[in-house]
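**Q** Chains as they are written, first to last, in the UniProt record's numbering: chain P, 1 to 431; chain S, 1 to 321.
For the record, the hints were derived by calculation from the structure and aren't laboratory data.
Misleading hints may appear alongside valid ones.
Calculated lysine to aspartate or glutamate pairs in the EDC-like style (CA-CA distance at most 20 angstroms, straight line) [claimed, not checked]:
(1) K421(P) - D88(S)
(2) K428(P) - D224(P)
(3) K428(P) - D207(S)
(4) K427(P) - D215(S)
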Amino acid sequence: MRGYRLRTAAVLAAAGVLAAACGGGGGGDSKSDKNFTLTVDVFGEFGYETLYKGFEQSHPGVTVKQRKVSSLDDYKPRLQQWIATGSGAGDVVALEEGILPTYMQQRTKFVNLFDYGARSMQSDFLPWKWQLGLSPDGSQLVGLGTDVGPLAMCYRKDLFKKAGLPTERDEVAKLWPTWDQFLATGQKFQGKVSGAKWLDGPTAVLRATVLQNAGSGPGYSFFDKDDKFVFDTNPAVKQAFDTALKFEQNKMTADMSIFTPPWQTALKRDTFATVPCPSWMLGGIKQFSGDFGKGKWDVATTPGGSGYWGGSWLAVPKQSKHQKAAAELAQYLTSAQSQVGAFKDKDTFPSNVKAEQDPAVSGASNDYFSGAPTGKIFGQLVASVKPVHLGPKNEDVRQAVENVLIAVGQGHVKPEEAWGKAVEAAKKAAR
Amino acid sequence: MTSVDTRPARPVDRAGGTPRAERRRALLARLDLKASPYAFVAPFFVVFLVFGGYPLVYTLWVSLHDWGLASGTREWAGFGNYGYLFGDDQFWHALVNTLGIFVLSTVPQLLLALLLANTLNRRMRAATVFRIGVVAPLITSMAAVAIVFGQLFDTHYGFINWILHTDIEWHTNRLWSWTAISVMVDWRWTGYNALIFLAAMQAIPKDLYEAAAIDGASRMRQFWQITVPLLRPTILFTVIISTIGGLQLFTEPVLFANDTANRMDGGATHQFQTLTLYMYDNAFGHDRYGYGAAIAWVLFLLIIVFSLLNFLFIRRAGGTR
Numbered sequence: 001m002r003g004y005r006l007r008t009a010a011v012l013a014a015a016g017v018l019a020a021a022c023g024g025g026g027g028g029d030s031k032s033d034k035n036f037t038l039t040v041d042v043f044g045e046f047g048y049e050t051l052y053k054g055f056e057q058s059h060p061g062v063t064v065k066q067r068k069v070s071s072l073d074d075y076k077p078r079l080q081q082w083i084a085t086g087s088g089a090g091d092v093v094a095l096e097e098g099i100l101p102t103y104m105q106q107r108t109k110f111v112n113l114f115d116y117g118a119r120s121m122q123s124d125f126l127p128w129k130w131q132l133g134l135s136p137d138g139s140q141l142v143g144l145g146t147d148v149g150p151l152a153m154c155y156r157k158d159l160f161k162k163a164g165l166p167t168e169r170d171e172v173a174k175l176w177p178t179w180d181q182f183l184a185t186g187q188k189f190q191g192k193v194s195g196a197k198w199l200d201g202p203t204a205v206l207r208a209t210v211l212q213n214a215g216s217g218p219g220y221s222f223f224d225k226d227d228k229f230v231f232d233t234n235p236a237v238k239q240a241f242d243t244a245l246k247f248e249q250n251k252m253t254a255d256m257s258i259f260t261p262p263w264q265t266a267l268k269r270d271t272f273a274t275v276p277c278p279s280w281m282l283g284g285i286k287q288f289s290g291d292f293g294k295g296k297w298d299v300a301t302t303p304g305g306s307g308y309w310g311g312s313w314l315a316v317p318k319q320s321k322h323q324k325a326a327a328e329l330a331q332y333l334t335s336a337q338s339q340v341g342a343f344k345d346k347d348t349f350p351s352n353v354k355a356e357q358d359p360a361v362s363g364a365s366n367d368y369f370s371g372a373p374t375g376k377i378f379g380q381l382v383a384s385v386k387p388v389h390l391g392p393k394n395e396d397v398r399q400a401v402e403n404v405l406i407a408v409g410q411g412h413v414k415p416e417e418a419w420g421k422a423v424e425a426a427k428k429a430a431r
Numbered sequence: 001m002t003s004v005d006t007r008p009a010r011p012v013d014r015a016g017g018t019p020r021a022e023r024r025r026a027l028l029a030r031l032d033l034k035a036s037p038y039a040f041v042a043p044f045f046v047v048f049l050v051f052g053g054y055p056l057v058y059t060l061w062v063s064l065h066d067w068g069l070a071s072g073t074r075e076w077a078g079f080g081n082y083g084y085l086f087g088d089d090q091f092w093h094a095l096v097n098t099l100g101i102f103v104l105s106t107v108p109q110l111l112l113a114l115l116l117a118n119t120l121n122r123r124m125r126a127a128t129v130f131r132i133g134v135v136a137p138l139i140t141s142m143a144a145v146a147i148v149f150g151q152l153f154d155t156h157y158g159f160i161n162w163i164l165h166t167d168i169e170w171h172t173n174r175l176w177s178w179t180a181i182s183v184m185v186d187w188r189w190t191g192y193n194a195l196i197f198l199a200a201m202q203a204i205p206k207d208l209y210e211a212a213a214i215d216g217a218s219r220m221r222q223f224w225q226i227t228v229p230l231l232r233p234t235i236l237f238t239v240i241i242s243t244i245g246g247l248q249l250f251t252e253p254v255l256f257a258n259d260t261a262n263r264m265d266g267g268a269t270h271q272f273q274t275l276t277l278y279m280y281d282n283a284f285g286h287d288r289y290g291y292g293a294a295i296a297w298v299l300f301l302l303i304i305v306f307s308l309l310n311f312l313f314i315r316r317a318g319g320t321r
């Protein structure tokens with residue numbers, strides 16, 4: 001009874017989508033017709049609302065309609081159904097970093113953006129961002145980069161002061177050029193301030209270290225460039241796991257997941273001193289730490305010096321009836337000018353290098369975080385990211401391994417058994 | 001039923017009646033007699049075939065493939081998914097979770113519902129208010145339920161740990177998480193079952209109780225010796241419905257997983273991941289649509305088996321027949 005309700009809802013939703021798609025398609029949208037509508041499918045905030053007008057002005061007769069789903073979890077199954085059934089998808093769809101590698105496997109269902117002149121944009125983009133949207137042989141461009149989430153480190157100045165640590169952001173950054181030094185600083189901190197943990201959770205440590213180690217090493221992490229499972233044999237992965245494990249073993253994280261209710265509550269208390277901060281996290285901390293955290297937060301660089309978390313691409317499904325116009329729209333929305341516009345509107349950090357150099361982005365600072373020059377900090381962190389190949393099951397493996405790390409912190413998995421469990425879980429997830 | 005004309009066709013006595021037309025009329029009458037009952041029940045079966053039968057068969061078809069919605073793979077796998085399932089630790093782990101939560105929630109739930117119905121069956125002021133009140137949890141917004149229970153069962157800042165001066169790990173400990181989820185289930189469904197029991201109780205003739213009272217039977221004795229035996233068919237019904245619902249438990253564990261990144265995980269060590277969560281996670285979260293379908297089918301068979309077991313158990317437990 002209870003389970004079926006959800007399935008029924010899914011079926012109804014799918015039926016509704018189908019009906020909507022048929023209704024739109026039946027309106028005589030033939031190629032000869034100059035008046036048509038382009039649909040853009042996004043989730044969360046992309047900051048495109050004000051940009052569509054510009055495209056409509058340069059393309060008379062074209063109307064752009066946006067369909068926004070507030071959460072990625074709701075967006076994913078819809079997109080899956082649209083792509084699998086070959087109908088219902090918008091003319092331009094957003095592909096988030098976690099699902100992009102999966103859709104790369106069926107790239108025949110997407111338009112090659114090179115066919116519509118996107119090759120000229122290559123030099124505008126961060127190299128690693130560009131490469132992730134490209135087929136492995138480099139012949140098909142599936143997605144054009146939208147935003148990225150440069151990974152910085154947010155910290156509580158007041159708690160640092162309590163522990164006798166420096167509070168000024170440049171000095172703080174000097175405390176942790178490496179993750180080992182970050183750990184040592186944390187141990188010092190937890191020795192001085194009882195009751196507070198060093199980190200909110202292990203997620204970001206694993207993400208950042210895997211990316212850093214794989215980037216400076218073999219250029220791939222859980223899967224090699226032929227998408228073969230190498231989690232258990234890649235030294236870059238083992239090293240990253242061991243680094244993250246040390247934080248769990250020493251009980252230095254609160255084992256929380258971001259944006260969950262316990263995490264939100266913890267931000268109003270002295271539960272942890274640092275939160276790894278992708279650009280989009282600043283808004284979240286401001287929202288949930290609120291008046292309590294006013295003047296207490298600041299932003300420094302990440303140990304290891306580079307990292308990102310999150311970000312999307314725009315792609316054009318082949319089922320679109322107006323592929324040329326859709327490809328032009330995708331290029332327009334990812335252009336430097338548009339990315340600056342989206343940043344101004346919704347703080348989405350650009351993957352377009354020219355946009356990053358725009359004073360509106362590079363000169364940006366954040367008042368809530370003690371006026372930290374976030375534009376500069378984020379720009380540096382994301383520029384030093386090295387391209388890493390991700391396999392189609394990258395997200396599944398990452399989630400499974402993260403669970404093992406959290407279980408260590410919870411005391412349900414012994415640290416010495418953690419790697420074995422992680423390999424086992426990763427293998428299962430990679431299936 | 002009276003609208004169906006069951007009289008045989010009248011012999012033709014009209015002038016214009018040819019033997020041919022006569023035969024046709026007889027045929028139509030016989031058809032009306034034999035076929036129309038089926039036509040009347042057909043809508044149900046047509047709807048069932050479209051929304052129940054077809055998905056069932058289609059799910060079976062999907063389960064015989066390596067099928068991924070996002071990756072677009074679709075390869076014949078025979079019984080490969082089923083073979084993997086029998087050796088899949090996480091599947092059995094999820095089955096144990098599901099059964100554990102089922103027992104922890106259903107047994108107290110039905111007992112409570114019985115007692116509640118018995119109380120509501122008495123003469124009291126504002127009876128309707130109370131009777132409707134017990135099903136209020138069913139119509140409460142799930143978002144509100146998630147928030148309230150999230151605050152009750154939070155390990156660090158939760159109300160229950162605060163009141164009891166304990167630090168029970170509601171989320172990370174397997175048994176405690178089952179308990180918390182069972183409380184959520186019972187909160188929602190006890191009233192529903194109580195209402196069904198109440199309806200059945202009102203059909204029990206009052207003179208049975210009067211006679212028992214004259215013989216000096218206490219209220220408790222009346223309850224166990226009159227009410228419960230006469231409710232047996234209803235109890236059977238609620239047990240079967242609870243079995244089906246319990247084995248498909250989905251909403252409560254999802255809501256309870258408010259502290260994890262992937263709500264379908266049922267905790268970091270999958271301590272409260274039920275079969276439906278595991279099914280959904282495979283089919284839609286990890287791009288194993290075929291394997292998810294196989295889990296769905298095994299779950300379907302399990303529900304039939306457990307419903308039969310419970311049916312036999314309750315019938316036997318009643319004693320006679």
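**Q** Take the hints in turn and mark each one as holding or not.
**A** Structure-based check of each hint:
1. K421(P) - D88(S): 15 angstroms, holds
2. K428(P) - D224(P): Cα-Cα ~17 angstroms, so holds.
3. K428(P) - D207(S): 64 angstroms, violated
4. K427(P) - D215(S): 70 angstroms, violated
The structure fails to meet hints 3, 4 from the earlier list, while all remaining hints are met.
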